[in-house]
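Trainee: Turn these sequences into a full structure, and let the hints guide you.
Position 55 of the sequence shown, counting from 1, maps to 55 under full-length UniProt numbering, and the rest follow consecutively.
Because the hints were derived from the structure by calculation, they are not lab data.
Treat each hint with caution, since some may be false.
[Unchecked claim] Restraint ranges, calculated between C-beta atoms of paired labels, are given here: (1) P182 / Q158: 17 to 23 Å; (2) S185 / A60: 36 to 42 Å; (3) A60 / I80: 20 to 26 Å; (4) S175 / S75: 19 to 25 Å.
Note that this is a predicted model, so its numbers are computed, not measured.
We treat Cβ as the ideally placed atom computed from N, Cα and C, and that holds for glycine.
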Amino acid sequence: MESIGFHHGDSQAPVSDLLMAHGGAGNNLDDWRYEMRREIQEILPNVFLGPYSACRDTQALRAKGITHIVCFFDSKESTIFRTNTLASLFEYTCIEVSDSPLQNLIPQFPTSTKLFNNAINSGGKVLACCNGGMSRSPTFVIAYIMETFRVDFIRAYQFVQGKRLCINPNEGFKSQLKEYEPIYSAWRWRADSTEEDTNRQIARRRPAPDDDEDEDLRRHPRIDSRIPEDHDRASTGISGMIM
Numbered sequence: 001m002e003s004i005g006f007h008h009g010d011s012q013a014p015v016s017d018l019l020m021a022h023g024g025a026g027n028n029l030d031d032w033r034y035e036m037r038r039e040i041q042e043i044l045p046n047v048f049l050g051p052y053s054a055c056r057d058t059q060a061l062r063a064k065g066i067t068h069i070v071c072f073f074d075s076k077e078s079t080i081f082r083t084n085t086l087a088s089l090f091e092y093t094c095i096e097v098s099d100s101p102l103q104n105l106i107p108q109f110p111t112s113t114k115l116f117n118n119a120i121n122s123g124g125k126v127l128a129c130c131n132g133g134m135s136r137s138p139t140f141v142i143a144y145i146m147e148t149f150r151v152d153f154i155r156a157y158q159f160v161q162g163k164r165l166c167i168n169p170n171e172g173f174k175s176q177l178k179e180y181e182p183i184y185s186a187w188r189w190r191a192d193s194t195e196e197d198t199n200r201q202i203a204r205r206r207p208a209p210d211d212d213e214d215e216d217l218r219r220h221p222r223i224d225s226r227i228p229e230d231h232d233r234a235s236t237g238i239s240g241m242i243m
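Mentor: Following this line, the structure appears as structure tokens:
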């Protein structure tokens with residue numbers, strides 16, 4: 001996976017250290033105000049979360065450095081909200097999902113993760129939003145943190161809630177996030193295994209190009225078969241190559 005301003009190689013460090021490095025538990029409960037649910041909060045460096053209504057103030061978004069917006073709407077909502085202005089000012093993407101416990105989000109998690117990473121790797125900042133910024137968009141941000149930091153649902157949920165207290169994914173979404181743990185772990189294991197196999201093959205000692213030529217010469221009827229096998233290598237200093 002690509003880096004997003006912090007290094008995924010850091011995933012070998014203790015999870016608590018990783019999350020503390022990116023803001024710890026976030027806002028103190030005493031600091032949270034009810035009206036803050038209408039605002040956007042920075043969950044991770046360059047990753048913001050909030051309601052779609054906050055997108056009406058495009059100047060405020062640009063002041064925060066927002067360059068990309070990923071909205072999670074259903075088909076009815078997408079016709080109600082005006083997105084033309086956003087699409088002209090930001091890199092705007094809409095993922096069509098409904099806020100229903102029966103809505104299957106898991107197939108969309110890799111898509112949103114790629115969008116988040118593409119935004120940040122291009123030097124931008126991304127805002128994830130939905131109607132209220134409390135159910136769908138937090139679910140996708142939680143999935144992103146789970147996969148990026150290799151943490152479980154509870155840890156990722158608590159981290160996001162510490163930054164935006166009002167999040168409240170429906171029970172179906174919570175169940176899917178729990179189901180996602182073994183899924184992304186299997187993907188990660190497969191990717192790591194493939195990388196290890198590739199590195200192992202690269203590290204294997206391969207015969208030097210001259211070795212085959214030497215062998216062919218020894219078998220040639222015009223060449224004295226008594227020539228020592230290491231004769232040419234001893235004289236040239238070639239002892240083989242490691243690819």
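Trainee: So which of the earlier hints does this model not fit?
Mentor: none
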